[in-house]
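2 protein chains.
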Amino acid sequence: RSWTPIEVCSVFPQPSINVNSLSFRSHTCGELRPADVGEEVILCGWVQYLRFDMFHCFKHFILHTYSLCDLPPESVIRVKGTVRLRPDGQENKEMPTGEIEVLAESVEILNVCRKLPFEIKDFVKKSESLRMQYRYLDLRSSQMQYNLRLRSQLVMKMREYLCNVHGFVDVETPTLFKRTPGGAKEFVVPSREPGRFYSLPQSPQQFKQLLMVAGIDRYFQLARCYRDEGSKPDRQPEFTQVDIEMSFVDQAGIRGLIEGLVQYSWPVEKDPVSTPFPCITYEKAMKDYGVDKPDTRFAMKVCSKYLDMILHFGSLVFFVIFLYFFPKEVSVVLVKADGALKSSLNRLMPASAKQQLLQMAQARPGDLLLISAGTQECVRPLLGKLRLQCAELLEGSGVAVRDPSAFHFLWVVDFPLFLPKEEDPDQLESAHHPFTAPLPEDAHLLYSLPHKVRGQHYDLVLNGCEIGGGSIRIHKASDQQHVLETILKEDPSLLSHLLEALDSGAPPHGGIALGLDRFLSIIVGAPSIRDVIAFPKSFRGHDLMSRAPDFVSEDELKSYHISVNWPAGDEGNQEK
Amino acid sequence: RSWTPIEVCSVFPQPSINVNSLSFRSHTCGELRPADVGEEVILCGWVQYLRFDMFHCFKHFILHTYSLCDLPPESVIRVKGTVRLRPDGQENKEMPTGEIEVLAESVEILNVCRKLPFEIKDFVKKSESLRMQYRYLDLRSSQMQYNLRLRSQLVMKMREYLCNVHGFVDVETPTLFKRTPGGAKEFVVPSREPGRFYSLPQSPQQFKQLLMVAGIDRYFQLARCYRDEGSKPDRQPEFTQVDIEMSFVDQAGIRGLIEGLVQYSWPVEKDPVSTPFPCITYEKAMKDYGVDKPDTRFAMKVCSKYLDMILHFGSLVFFVIFLYFFPKEVSVVLVKADGALKSSLNRLMPASAKQQLLQMAQARPGDLLLISAGTQECVRPLLGKLRLQCAELLEGSGVAVRDPSAFHFLWVVDFPLFLPKEEDPDQLESAHHPFTAPLPEDAHLLYSLPHKVRGQHYDLVLNGCEIGGGSIRIHKASDQQHVLETILKEDPSLLSHLLEALDSGAPPHGGIALGLDRFLSIIVGAPSIRDVIAFPKSFRGHDLMSRAPDFVSEDELKSYHISVNWPAGDEGNQEK
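Keeping their order, the protein sequence lines are chains A and B. Heads up, the working numbering is the position in the first sequence plus 5, with the first residue counted as 1. Heads up, the working numbering is the position in the second sequence plus 5, with the first residue counted as 1.
It is worth saying that the hints were derived from the structure and are not from the lab. There could be a bad hint or two in this list.
Each pair may be met inside one copy or between any two copies, as identical chains are not told apart.
Stated by the list, open to error - Below, computed lysine-lysine pairings styled on BS3-like, alpha-carbon distance capped at 25 Å: (1) K98 - K162; (2) K162 - K275; (3) K190 - K494; (4) K126 - K481; (5) K563 - K237; (6) K481 - K85; (7) K85 - K289; (8) K481 - K120; (9) K292 - K359; (10) K289 - K98.
If we strip away everything but chain A, and leave its shape as in the complex, we get (with noise of 0.2 Å):
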């Protein structure tokens, strides 16, 4: 088997691309075609199986020799020999390749294989912790084949839009930096001076603004970005955003830059992209679908009139009323076929107030409809979460609601500035980070009504899952001061060197990143980022193939001036 499959070049067909060059083959196994018939070749690739003639099977082509009978799959050949038809009957018309052998003239094992602890066929189910403690046998599948390639020309379609089209430099920013204030999830590393420690960041946001002060004028970067939460469900300690910045732009420039980007680095086996991308607000997001991010691939959408929001999907309808007496709850209301209500609400709501009720609702025989109740701010995300189980459930029974094979993009903007503090709602909290400028008509509300301000912020959105965020940034020092003194209370002598550059000539510049992993994970339609990430780590942040992270002896800890804080009783419970 080889792994150069023509079928994976066909995302961004070019003509141009060798794949044989330099190489030991003349040919992948894949290629070969009846026209190639009586063509001397060399092949290399993995034994597939040993078929019953003694013939042996690469995953494209048959090889006729009698020589490699004892030879276990996935053990490694090259096979001199000339291409010709199959004998008649014995063509598999399904595969691109099935009309043709190869007849070997000379074969030499280049390696032998152990047995394996699973097959490589893709109808093998197994594991999660088998496939990546054995890593490099699993991507050896064609769909991890697929990812990975498609994610390769997918970066590098980027790559030519971002720098061939629009000029942008291709900037390297470090990893190896400052602490942020209040960057809690920031990785340490220790240095060779006492208590003196390296942060690994979680974006390169400060670099790329002071790339915009130095002049770069368009900077973007694959970035590797480092946040540690601990144990989270699909979330990867290391993962890669597209980082983007540029000088004298506003938020239709960078969004209409964005957009530019995904048609043009899109795979053109799936159905192309239309731009622009339907663009709501941060309110209206929220009061339709309740959730800041909405899966707009389907309706259900949440009414409110008054004091009423309705979901509306199909024949089925969510209706919800602020009654302020069933707050965080779910009521089930059902149409009969004569149109009375089925629900335990029937004996709490007046004729008129089930009329009303129908009506609002376009609501007809055989509809459900789910009530809940409660402020605005439980309600619209309670709701919100509801209208995607519902979904889920629908598809569960085998109710097509949402395409899969739809892609729906959506910006979502004007989000508020400043949150109330959880843990002290009168104090504000950056709803993003602090450098997002606001609004030019809000502008004003800085300096008195801050809570009121709403962002230059701008969400992107595909089916449902945010894949990036971006801003304009405040570009002048005094207005940044403002924000981190007097509105965040933080300490802004941590971002002195910013609050400097920003104050010697920085231009209007703003930005934005692109969560890579998710939105490929969204594209080949993966279950988890890490299907499209070569070695991922475990949920639980651990390589499962090579063990890490390890013990580390205390020899080796020396000369970082750092020690182990065993907890007690699990000082001797070191593997080695």
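With chain A held as given, fit chain B onto it using these hints.
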């Protein structure tokens, strides 16, 4: 001043690039020409200086307006205006924009600049530490703009060559990994599990080989690598390498790939690079140049006949004899006008020896001979250093030795696979790393005379600097186990995942890594790799702008189960 300079884009002129797309401006300040006279333009940029006549200068043009007289240099403005010819006598023929100016209709001040710590003019000399502290200002210099933009364009060309020409797959590998055996220079990263640490790898060596086992066939990555070497001049704790691995390939294949890569990505403004690059063996490099990375821009080769070695350059001849009585010393022999020798060695040398010396060195009157003696292992490196010092000395006195615009690439091959350990010469250690395969003709010696085995390692040398190195790898588990266990006396269980992978159908494979920072610094003629890195660390590993590494509170370290071992008397000595 707008730093989207047209002169930089010309490194790889691509008329498709639009650096003004999606921007506030219609043109960059540097692109206007007399042909644009009459054009209505919108420009954004930095005010350079106020002329005596109250015109304002941008870097590339003069703005005709009377409204900005108090605006400090480096303030940011947006100008709407009309291009017109400069008045007679005010043209500047040395600038491409020197014949025109812009008559402003409106000027908007986007940001006012404070008094800067230094003027942003290429001729203003700044100390290294001041440059680093205000890196965002230093990067506005045209040299740093050129360096970073060239870097971006060069790596883009490299990617095009690898992805679009040869079908390589760009795969990202983890940087939070497990400590490698003997990885003394690896930074550690504490995890939330007591005593367990990730390690920041020095290179993706294990992953690139695992990707070959995984059937990726052709891998590359611009890989961030980490090396904790404490304070070393011109080393960086994090650096970037162009990391490449291929299956079913031999040395010639990798060398051909890299020659093509360099040729394809070479700046068009430089003289083209001719291929193939010359190739010499390690033995010959040591013999002729006294070093394994010879600077071949000048001759002055070390020659050895029998026990004699001669360094020859122009009229200077360095003659070195293994006399075994002047270990590690160098004697000077001047050939006088009458052919007699002036030297402290005179009394030790019989007339016949002198004659032989002059003959062997082909010495002429006025020549200088430098003679040393000792074992081959001592004298060769000594001579190698002497050769370079002579070149520097001569150049310092105005003698042209090396052409500063010349780029001499050289392959050095056939390195010994193992070297005696410095601390215990009876023990062997890998000359490069334990994964290098032996030369096929030496493979049988692996089990009998390992110290005689030459490896399939190759170094790429440019102008006397090693800019890359790689090898064909061992692809059979039994050979790898033998090297680790029997020859190197290492615990093979630490690399059990790699050994298992080799046993799972590993194809023959090999690769290379190019040091991107060093390569670029040679191309742009920078004295330090810091000049091709946007935000480098000082030689002590400090970020002088943000002051990283920095102190972290004991509280923040708690979740990582580590505490700082303060050296005696230093505990209270924290900066905050």
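Hints, one by one, checked against the model:
1. Taking the shortest Cα distances, K98 and K162 never come within 25 Å of each other, neither inside one copy (34 Å) nor across copies (41 Å).
2. In this homomeric assembly, K162 and K275 come within 25 Å of each other (Cα to Cα) only inside a single copy, at 15 Å, whereas the closest approach across copies is 28 Å.
3. With identical chains, the CA atoms of K190 and K494 are at most 25 Å apart within one copy only, with a shortest distance of 20 Å there and 40 Å across copies.
4. Taking the shortest Cα distances, K126 and K481 sit within 25 Å of each other only across copies (24 Å), while inside one copy they are farther apart (58 Å).
5. Only between protomers do K563 and K237 lie at most 25 Å apart by alpha-carbon distance; the minimum there is 20 Å, versus 32 Å within a single protomer.
6. Taking the closest pair of Cα atoms, K481 and K85 come within 25 Å of each other only across two copies (22 Å); inside a single copy the shortest separation is 69 Å, beyond that limit.
7. Taking the closest pair of Cα atoms, K85 and K289 never come within 25 Å of each other, the shortest separation being 65 Å inside a single copy and 37 Å across copies.
8. Within a single copy, K481 and K120 get their C-alpha atoms only as close as 65 Å, which misses the 25 Å cut-off; across copies the closest is 15 Å, which meets it.
9. Taking CA atoms no more than 25 Å apart as the test, K292 paired with K359 passes inside one copy only; the shortest distance there is 23 Å, against 99 Å between copies.
10. Neither within a single protomer nor between protomers do K289 and K98 lie at most 25 Å apart by alpha-carbon distance, with minima of 53 Å and 58 Å respectively.
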